[in-house]
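Engineer: The residues making up each chain are set out below.
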Amino acid sequence: METLNARGLHYQVLNETVRKLLDNGCRELVLKNVNGQRYIGAGLQGQARLEIHGVPGNNLAALMDGLEIEVFGNAQDGVGNTMNGGTVVIHGNATDITGYAMRGGRIFIRGNVGYRVGIHMKAFRDKKPLIVIGGQAGDFFGEYMAGGTLVLLGLDLPPGKPVVGNFVATGMHGGEIFIRGQVDPFSLGKEVKAVAPTVADQQRLQEIVGEFARYFDLEAEKILARPFTKLIPYNKRPYGTLYTY
Amino acid sequence: MPTLSLMPTEFTVVRNEEKCIKCLACVRQCGFEAQQYDAEDDRLYAIDANCVNCQRCVSICPAGALTIYKNPPPLRPHAFWTENHLRNIAKQAETGGVLLTGMGNDQPFPAYFDRLLLNASQVTNPSIDPLREPMELRTYLGRRPEPGAKTRTPLVPIATPIMFSAMSYGSISHEAFASLARAAKEFDTMFNTGEGGLPGDLYEYADHAVVQVASGRFGVHADYLNAGRIVEIKIGQGAKPGIGGHLPGEKITAPVAATRMIPEGTDALSPAPHHDIYSIEDLKQLIFTLKEATRYQKPVSVKVSAVHNVAAIASGIARAGADIIAIDGFRGGTGAAPTMIRDHVGIPIELAIAAVDQRLRDEGIRNQVSLVAAGGFRSSADVVKAIALGADAVYIATAALIALGCHLCQKCYTGKCSWGIATQDPYRSRRLNPEIGAERLYNLLRGWSHEIKEMLGGMGINSIESLRGNRLHLRGVGLNEVELKLLGVKHAGEAM
Numbered sequence: 003m004e005t006l007n008a009r010g011l012h013y014q015v016l017n018e019t020v021r022k023l024l025d026n027g028c029r030e031l032v033l034k035n036v037n038g039q040r041y042i043g044a045g046l047q048g049q050a051r052l053e054i055h056g057v058p059g060n061n062l063a064a065l066m067d068g069l070e071i072e073v074f075g076n077a078q079d080g081v082g083n084t085m086n087g088g089t090v091v092i093h094g095n096a097t098d099i100t101g102y103a104m105r106g107g108r109i110f111i112r113g114n115v116g117y118r119v120g121i122h123m124k125a126f127r128d129k130k131p132l133i134v135i136g137g138q139a140g141d142f143f144g145e146y147m148a149g150g151t152l153v154l155l156g157l158d159l160p161p162g163k164p165v166v167g168n169f170v171a172t173g174m175h176g177g178e179i180f181i182r183g184q185v186d187p188f189s190l191g192k193e194v195k196a197v198a199p200t201v202a203d204q205q206r207l208q209e210i211v212g213e214f215a216r217y218f219d220l221e222a223e224k225i226l227a228r229p230f231t232k233l234i235p236y237n238k239r240p241y242g243t244l245y246t247y
Numbered sequence: 005m006p007t008l009s010l011m012p013t014e015f016t017v018v019r020n021e022e023k024c025i026k027c028l029a030c031v032r033q034c035g036f037e038a039q040q041y042d043a044e045d046d047r048l049y050a051i052d053a054n055c056v057n058c059q060r061c062v063s064i065c066p067a068g069a070l071t072i073y074k075n076p077p078p079l080r081p082h083a084f085w086t087e088n089h090l091r092n093i094a095k096q097a098e099t100g101g102v103l104l105t106g107m108g109n110d111q112p113f114p115a116y117f118d119r120l121l122l123n124a125s126q127v128t129n130p131s132i133d134p135l136r137e138p139m140e141l142r143t144y145l146g147r148r149p150e151p152g153a154k155t156r157t158p159l160v161p162i163a164t165p166i167m168f169s170a171m172s173y174g175s176i177s178h179e180a181f182a183s184l185a186r187a188a189k190e191f192d193t194m195f196n197t198g199e200g201g202l203p204g205d206l207y208e209y210a211d212h213a214v215v216q217v218a219s220g221r222f223g224v225h226a227d228y229l230n231a232g233r234i235v236e237i238k239i240g241q242g243a244k245p246g247i248g249g250h251l252p253g254e255k256i257t258a259p260v261a262a263t264r265m266i267p268e269g270t271d272a273l274s275p276a277p278h279h280d281i282y283s284i285e286d287l288k289q290l291i292f293t294l295k296e297a298t299r300y301q302k303p304v305s306v307k308v309s310a311v312h313n314v315a316a317i318a319s320g321i322a323r324a325g326a327d328i329i330a331i332d333g334f335r336g337g338t339g340a341a342p343t344m345i346r347d348h349v350g351i352p353i354e355l356a357i358a359a360v361d362q363r364l365r366d367e368g369i370r371n372q373v374s375l376v377a378a379g380g381f382r383s384s385a386d387v388v389k390a391i392a393l394g395a396d397a398v399y400i401a402t403a404a405l406i407a408l409g410c411h412l413c414q415k416c417y418t419g420k421c422s423w424g425i426a427t428q429d430p431y432r433s434r435r436l437n438p439e440i441g442a443e444r445l446y447n448l449l450r451g452w453s454h455e456i457k458e459m460l461g462g463m464g465i466n467s468i469e470s471l472r473g474n475r476l477h478l479r480g481v482g483l484n485e486v487e488l489k490l491l492g493v494k495h496a497g498e499a500m
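Heads up: the sequence lines are chains P and V, in that order.
All letters in the first sequence, in the order written, are residues 3 to 247 by my numbering.
All letters in the second sequence, in the order written, are residues 5 to 500 by my numbering.
It is worth saying that the hints were derived from the structure and are not from the lab.
Please read these numbers as outputs of a predicted model, since none were measured by experiment.
Treat the hints with caution; some may be incorrect.
Quick partial rundown of chain V residues pointing at chain P, CB under 10 angstroms, derived from the structure [stated by the list, open to error]:
#1 99
#2 104
#3 219
#4 267
#5 293
#6 294
#7 295
#8 296
#9 319
#10 320
For each residue, glycine too, the CB sits at the ideal point set by N, CA and C.
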């Protein structure tokens, strides 16, 4: 296991150092004192584990394929942007467009997330991306979603605070969203409907929440005790009748 | 939909019964099912309402028995309410939909290329004969490194300043896509994958590929980015500035889905903006995300539509770290766009090139980036004029498709293309042989390149580099003062 002190390093230097270490066979790397350096893990492929202490900058794990990243701190915009595979665990909050166009892999966030999280998430063959959020999410959650799974738990919500913002899943045409508790119908985009999770869904949620709880040392049973709402698109061609030929 | 359509048929198919040998080639080849055969009566007939005048049947009929006529407008159009307006209203009254079309803007807006003329040497400086003297068309794309720069992204050389513009696999057939890839490799220039990814069996051509990253991020992954030679962020397209794209589920066949890495039969929706880019600063982040992911080995291009503020936007793109700026004018083609957007949004590429080139020069950053122009290059003369206005190279797409057989019927969005280009139906696409297609494209590039050399030689120039932004070699005809000022050219008749 190698340790790298990121204090004062320009992101280009930091990221090139990380890539060289991984090229040379390093499989476990701890980054200390990370403070806003962008693009950590961008485009990295293969098997390795990065532990990040501090706050990584925007586009953490963008285009990443296969690594494991654990962040002890908050993350910023664009975590897992166009990610292809791998796992990201964040022991804090993440901000806007987490998982934009993510195609594979998993992101677990203990805290809250910002706007347009899971936008244009996809799925492809055996690739089924997953984002689990412990807290709440902003507007346009799951916008344009085309595949994969979003799970929003709404833990530790202040009283009266909604678990998710407005325009949930606008333009959604694939995939599924699970939100713990109820969602006000007026906050849903017009392309989705709320349904009750099936038995198979419940089993999957047990596994997903179980894994989430293990990362953050929580009790899965307590989280699962509250029923979930499932959101699915009305159809996979939301704009099929928009045009005249 | 009402049973009685007020929309009159546009074309009439006329078959000369004396010439027709009933080989049924027209019936087999018509992508739009206008040509029909009644086996019971052994009779060939046409459903005129289906005909789009793509000329496939006319071209392949061995007996020369077919002609297609445009019907006289059965409505009552006049100079203000044109036939198009009347037809469109009837269509929308019946369906309530958004009008859709294909290819580029077909409206009679001015073509500035046709108002510009080139110079030639007479007496006072010698012209050069490219047949006997060296003539350099090789163009290097990318950012010229500043002194002391930490990273150096390699420049990309192309043998001629003409590349194939973005056309995605999905909007065009695998055969058409493969034709472009082969021709680009053989001629040593570039093709552009468009936003639909690069099919797995065409990675051998990746060294000549501009790989696109658009808002839908279809088929974008680290291997794809690293395989290509140039990475292009698509912000906008000349045919539809400001809007995204909807590739309908019917076109998402298994191989298209595999290349785009999405499920079969789902609409492929490209959001209008990249939702990680709301500013020049955000653009810089995507540029550097892509540079990080490719270890600074691939120049990053940013493609925008030519819009009113294009010069300032281009300056921002250059300052955001892009190596190449691609600008797509309002004549640029498309596989599908709302008609109103295609015909009424954007500005001519000629004015955009001049404005961008001038702005970057004024700011002292023109030397840092390459400028690629796209959208409506019909001949090598258009290319030469674009370069003289300030472009480094051009993208061609409509011209390339015409070389492959396209007859500009503008029905690409139906997926029924009789010429095997804008279709995913193997029965239709198989008729386009990628080897022959590549040869035709190669021929086009060869012909245009030689013509460019002739024009350069005539001007007494022996390198395309010396023509770039050399507006003294252009003269305007019939242009007003504002136009001349914007284009940065003198009027014909004015001396040097």
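Engineer: Now tell me if each hint is right for this structure.
Structural biologist: Checked hints:
1. 99: 4 angstroms, holds
2. 104: 5 angstroms, holds
3. 219: 8 angstroms, holds
4. 267: Nearest chain P Cβ about 6 angstroms off; hint holds.
5. 293: Holds - the Cβ of residue 293 of chain V comes within 10 angstroms of chain P, reaching about 5 angstroms at its closest.
6. 294: Given a least distance of 8 angstroms, the restraint on residue 294 of chain V holds.
7. 295: 9 angstroms, holds
8. 296: It holds, given that the least Cβ distance between residue 296 of chain V and chain P is near 4 angstroms, below 10 angstroms.
9. 319: 23 angstroms, violated
10. 320: At about 18 angstroms, which exceeds the 10 angstroms cut-off, the nearest Cβ of chain P leaves the hint on residue 320 of chain V violated.
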